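Taken in sequence, the protein lines are chains A and B. Count the first sequence with the working numbering and you get residues 7 to 184, in order. Count the second sequence with the working numbering and you get residues 7 to 184, in order.
Derived from the structure by calculation, the hints contain no laboratory data. Small disclaimer: the values here were computed from a predicted structure and weren't measured. Check each hint, because a few of them may be wrong.
[As the list claims (entries may be wrong)] From the derived model, a few chain B residues whose C-beta atoms are all more than 10 Å from chain A:
id : residue
1  : Val13
2  : Ala45
3  : Asp110
4  : Ala118
5  : Thr130
6  : Cys155
7  : Val157
8  : Thr180
[To be verified] Facing chain B, according to a computed beta carbon distance under 10 Å, are these residues of chain A, among others:
id : residue
9  : Ser25
10 : Leu29
11 : His33
12 : Phe34
13 : Ala36
14 : Leu99
15 : Ala102
16 : Asp128
17 : Val132
Even glycine gets a Cβ: it sits at the ideal position worked out from N, Cα and C.
Number of protein chains: 2
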Amino acid sequence: MDITEFVEKSIGCWRSQRSAHHLAFAHFEAVQSEIDIIALSETDPAVLELCSTYHVDPSAIASPFRMSWEGQSDWEDSEAVKGTCVLVPVPDLTQANCGKLLRDQGYAETIAAVGEYSITADGTFVLITAYERAAAEEKIWFVNPNVRCRVSLIKTSAGTGVVTASFSSEIRQTRPGS
Amino acid sequence: MDITEFVEKSIGCWRSQRSAHHLAFAHFEAVQSEIDIIALSETDPAVLELCSTYHVDPSAIASPFRMSWEGQSDWEDSEAVKGTCVLVPVPDLTQANCGKLLRDQGYAETIAAVGEYSITADGTFVLITAYERAAAEEKIWFVNPNVRCRVSLIKTSAGTGVVTASFSSEIRQTRPGS
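Chain A extracted, bound-state conformation (with noise of 0.2 Å):
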């Protein structure tokens, strides 16, 4: 499975049961929310904007897009869980189904940041991201066209300790119309 492939299949709204395990504290965190992929032109002023950003040519990307969530964790006191970002693949032209993906926000740190990617031969998306004092490893793959599953560690810089564990099972939603 390639980038593109696998942007196309995740392309709609997907709702979202996570669940975070922080570790130190052996603590539960719940969080339901909605989530939504849309493709984005290649010529879409965000997607160039963030190529402009990180120096990359804009013939280079593959498959731009969108996602945007809005949810309810059941910690105190929290706030509804609320965000978007552009998300814009760049392929490895000289590794198969492996290349970078620029993020106009972070999910660890809300900056922007640089992801390595990969998919591996049994079509799961790994993806690596180093922050300056975290690093966060994703793994999103497909039961069925309408179910995703989504792993992600927050470990520390130095990538040794794991201090968040959470997952996602996503099971896509029917559009009123559609």
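Got chain A sorted already, so can you dock chain B onto it with the hints?
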């Protein structure tokens, strides 16, 4: 990674945080447990009995082990979650890092079961078990020598619908005196 190495890395005592997502109801269940995995001799009576039940030549097996767990779910009125089972890998002679896994007690139904395992190029152990009324698909991988992740999916027996998706993060415990 072959099955012997995978089992060796798994031997020990683990503290597990498990979140189960019951997808139809968007329900979260949280389970905390302790898991003990110990190596068994290939001539252990329980191993030989399991081989006999499934008509497997004991000389064809590799790295049998026992897994025991005890924990607590946050479901209302839940009793302690407790169990033990013997697992016996039977590597495929013609296909590397694939084989059968005999088990004297299943997860999804408390009956003996035979699953089909494979270990992917990136070291993920994948186990598929068909039951009479359900199918279970499990992925286990090591983040580092002391952290294991496990995703289990329970599907309808036709294999299309996902009923429960659960995720465990498992941290190796230091034994007193070790």
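- Item | Which numbered hints fail | Those not satisfied are hints 5, 6, 7, 14, 15.
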